[in-house]
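Asker: Sequence:
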Amino acid sequence: MQDDFNSWQTDDNKQFEKSTPAPSYPMKWHNFLIYFSLWAGGILNAINGLTYLTGSVYGSDADYIYRYYDGLKGMDMFYGVAVIALGVLLIITRFQLAGYKAKGPSMLTICYIATLAISVLYGIIAAGITGLSLMELINPASIGTSIAMIFINKNYYDKRSDLFVY
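My numbering numbers the first residue of the sequence shown as 1 and each following residue consecutively.
These are computed hints drawn from the structure, not numbers from a lab. For every residue, glycine included, the Cβ atom is placed at its ideal position computed from N, Cα and C. Mixed in with the good hints there might be a few duds.
[Claimed, not checked] Capping the alpha-carbon separation at 25 Å, the derived lysine to any residue pairs in SDA-like fashion look like this:
#1 Lys28 with Ile138
#2 Lys28 with Met107
#3 Lys101 with Arg160
#4 Lys28 with Ala82
#5 Lys103 with Ile65
#6 Lys28 with Ile118
#7 Lys159 with Tyr100
#8 Lys28 with Tyr100
#9 Lys103 with Phe36
#10 Lys28 with Val88
#11 Lys101 with Trp39
#12 Lys103 with Ser24
#13 Lys154 with Phe164
#14 Lys28 with Ile92
#15 Lys103 with Ala46
#16 Lys154 with Ile125
[Said to hold, decoys possible] FRET-style restraints, in silico, Cβ to Cβ:
#17 Ser106 with Asn139: 36 to 42 Å
#18 Leu50 with Gly128: 20 to 26 Å
#19 Trp39 with Ser60: 27 to 33 Å
#20 Val88 with Ser142: 17 to 23 Å
Could you build all of it, start to finish, from the sequences and the hints given here?
Answerer: Right, here's the structure in full:
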């Protein structure tokens, strides 16, 4: 009788082990994203957004710059709110990825696309307001990095899609 009980218990443990997904892939990049990069990005975006909302991005010259470039203050306010919202989205994405949620990888792609779109849109509108060239207002290396990260992360998480099912 005791052997039947132990046999049942062993079979039950094997069943549990098979149903619990264990990462069979290297997850160093995933861990870097969830434990550092997305936290840092969220916090830094929130801080950056606040500097645009307050005008402190221009230091003590903010009033002078806003008087000289009509419409720049409104654009900076919009940009500040957008960048803060992006910071919040990065933190939400972090929790989706950490919880192995099915929409986590897609949200990461959305974060990179939003970063790219916000940056380019700000550059285009600010160039129109200030008369500066677009290349003075946006960083091509940053744009290239965002585009590369979209593809790198998509490839990385596509290979691990069986882990993100909840």
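Asker: Indicate, hint by hint, whether the structure satisfies it.
Answerer: How the hints compare with the structure:
no.	hint	in the structure
1	Lys28 with Ile138	violated (31 Å)
2	Lys28 with Met107	holds (19 Å)
3	Lys101 with Arg160	holds (12 Å)
4	Lys28 with Ala82	violated (30 Å)
5	Lys103 with Ile65	violated (42 Å)
6	Lys28 with Ile118	violated (29 Å)
7	Lys159 with Tyr100	holds (14 Å)
8	Lys28 with Tyr100	holds (15 Å)
9	Lys103 with Phe36	holds (20 Å)
10	Lys28 with Val88	holds (23 Å)
11	Lys101 with Trp39	holds (17 Å)
12	Lys103 with Ser24	holds (20 Å)
13	Lys154 with Phe164	holds (13 Å)
14	Lys28 with Ile92	holds (20 Å)
15	Lys103 with Ala46	holds (23 Å)
16	Lys154 with Ile125	violated (30 Å)
17	Ser106 with Asn139: 36 to 42 Å	violated (26 Å)
18	Leu50 with Gly128: 20 to 26 Å	holds (24 Å)
19	Trp39 with Ser60: 27 to 33 Å	holds (31 Å)
20	Val88 with Ser142: 17 to 23 Å	holds (21 Å)
Checked against the numbered hints above, the structure violates hints 1, 4, 5, 6, 16 and 17; every other hint is satisfied.
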